[in-house]
Amino acid sequence: DAGVIQSPRHEVTEMGQEVTLRCKPISGHDYLFWYRQTMMRGLELLIYFNNNVPIDDSGMPEDRFSAKMPNASFSTLKIQPSEPRDSAVYFCASSFAGLLNLKGGYTFGSGTRLTVV
Amino acid sequence: KQEVTQIPAALSVPEGENLVLNCSFTDSAIYNLQWFRQDPGKGLTSLLLIQSSQREQTSGRLNASLDKSSGRSTLYIAASQPGDSATYLCAVTALPHDYKLSFGAGTTVTVRA
Numbered sequence: 001d002a003g004v005i006q007s008p009r010h011e012v013t014e015m016g017q018e019v020t021l022r023c024k025p026i027s028g029h030d031y032l033f034w035y036r037q038t039m040m041r042g043l044e045l046l047i048y049f050n051n052n053v054p055i056d057d058s059g060m061p062e063d064r065f066s067a068k069m070p071n072a073s074f075s076t077l078k079i080q081p082s083e084p085r086d087s088a089v090y091f092c093a094s095s096f097a098g099l100l101n102l103k104g105g106y107t108f109g110s111g112t113r114l115t116v117v
Numbered sequence: 001k002q003e004v005t006q007i008p009a010a011l012s013v014p015e016g017e018n019l020v021l022n023c024s025f026t027d028s029a030i031y032n033l034q035w036f037r038q039d040p041g042k043g044l045t046s047l048l049l050i051q052s053s054q055r056e057q058t059s060g061r062l063n064a065s066l067d068k069s070s071g072r073s074t075l076y077i078a079a080s081q082p083g084d085s086a087t088y089l090c091a092v093t094a095l096p097h098d099y100k101l102s103f104g105a106g107t108t109v110t111v112r113a
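Protein chains in written order, with our numbering: chain A, 1 to 117; chain B, 1 to 113.
Calculated from the structure, these hints are not laboratory results. Please note that a few of the clues may not be correct.
One-sided excerpt, in silico: chain A residues whose CB lies under 8 Å from chain B [what the hints assert, rightly or not]:
| id | residue |
| --- | --- |
| 1 | 31 |
| 2 | 43 |
| 3 | 45 |
| 4 | 48 |
| 5 | 91 |
| 6 | 108 |
| 7 | 109 |
| 8 | 111 |
Dumping the calculated DSBU-like pairs for lysine-lysine here, alpha-carbon to alpha-carbon at most 35 Å [as the list claims (entries may be wrong)]:
| id | chain 1 | residue 1 | chain 2 | residue 2 |
| --- | --- | --- | --- | --- |
| 9 | B | 42 | A | 24 |
| 10 | B | 1 | A | 78 |
| 11 | B | 100 | A | 68 |
| 12 | A | 78 | B | 100 |
| 13 | B | 1 | B | 42 |
| 14 | B | 1 | A | 24 |
| 15 | B | 100 | B | 1 |
| 16 | A | 24 | A | 68 |
| 17 | A | 24 | B | 100 |
| 18 | B | 42 | A | 78 |
| 19 | A | 68 | B | 1 |
| 20 | A | 68 | B | 42 |
Just so you know, even glycine gets a beta-carbon here, dropped at the ideal spot from N, CA and C.
Please build the complete structure, drawing on both the sequences and the hints.
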C-alpha cells in the first residue's frame, strides 16, 4: 500500500487566491482527518470524517476553509481566499475504526507545505 | 480545553546517552496517550500508545510511562543513536469514541555522533 497520499507536496500562492489540497486515504479506512501544523500552534485538528460524513469541524478556523469527502478514496481541503496566516503544513491522516485506539492506528501523509505570500 | 505541553522544546545529546522527554496535559480525563516521531518532510509515525489504565509501555529501546492523576507522561530512549534524531510529539485522546488527537508542540532531538 502506498500509504496516505497528499498533493501537492508544496504550494506557493498569492494572497487572495483559492488553494485546494488533496488527500487519498488508505483503501478500506473509514476515518479521515485533516491537521494543520504551525510553529506557533503546533498540530491542530481541523476536521475529521467517518464514512465520508464530517463528524467534527470545530477546528476549522473560519468560513474561508472548507473540506469535502465526495467518496471513500478522496478528500479536499479548500481555502478561499487564502491569507498569509494560512501558511502551514497541512497533514491528512486516515484510520479504520478498529485501529483508532491502537498503536499505529493513524497513518499520516507526508503533508502539504503551503506558503501564502 | 485540553492543553498538552512538552518540555524541553529541543535537546542535543551525544550518542549513547539516554534521552528523557516530558509531556504534561491539563485534563487528566484522557482515554489514551500516544508518542509519535516526526522526521523532516515526513508524516508522523506512532511509537507507543498507553491506555489510561496502564502505567507504561515498552518497545525496544523506548519506554513510555503515564501518570494520569498528575497529568504527566515521560518517554525514555535508551542508548541514543544518531538515527533517533527527530521531533517527538505526544498526543492525548479524550474519549473512547472521540478520535481527536490533542498534540503537544514536540521536542526536537539531535543525537550527535
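To see whether the hints hold, each was checked on the structure:
1. 31: holds, 6 Å
2. 43: holds, 4 Å
3. 45: holds, 5 Å
4. 48: It holds, given that the least Cβ distance between residue 48 of chain A and chain B is near 6 Å, below 8 Å.
5. 91: Check passed: Cβ of residue 91 of chain A comes within 6 Å of chain B, closer than 8 Å.
6. 108: holds, 3 Å
7. 109: holds, 5 Å
8. 111: Where the cut-off is 8 Å and the nearest Cβ of chain B is about 6 Å from residue 111 of chain A, the hint holds.
9. B:42 x A:24: holds, 16 Å
10. B:1 x A:78: holds, 26 Å
11. B:100 x A:68: Holds. Residue 100 of chain B to residue 68 of chain A sits at ~18 Å (cutoff 35 Å).
12. A:78 x B:100: Roughly 21 Å between the alpha carbons, so the hint for residue 78 of chain A and residue 100 of chain B holds.
13. B:1 x B:42: holds, 28 Å
14. B:1 x A:24: holds, 30 Å
15. B:100 x B:1: Answer holds: residue 100 of chain B to residue 1 of chain B is near 12 Å, not above 35 Å.
16. A:24 x A:68: The given pair, whose Cα atoms are some 12 Å apart, holds under the 35 Å limit.
17. A:24 x B:100: Within the cut-off at roughly 20 Å; holds.
18. B:42 x A:78: Given that 35 Å is the threshold and the Cα spacing comes to 22 Å, the pair holds.
19. A:68 x B:1: Holds, at about 26 Å.
20. A:68 x B:42: holds, 24 Å
Going down the numbered hints, you'll see the structure goes against none, and every one checks out.
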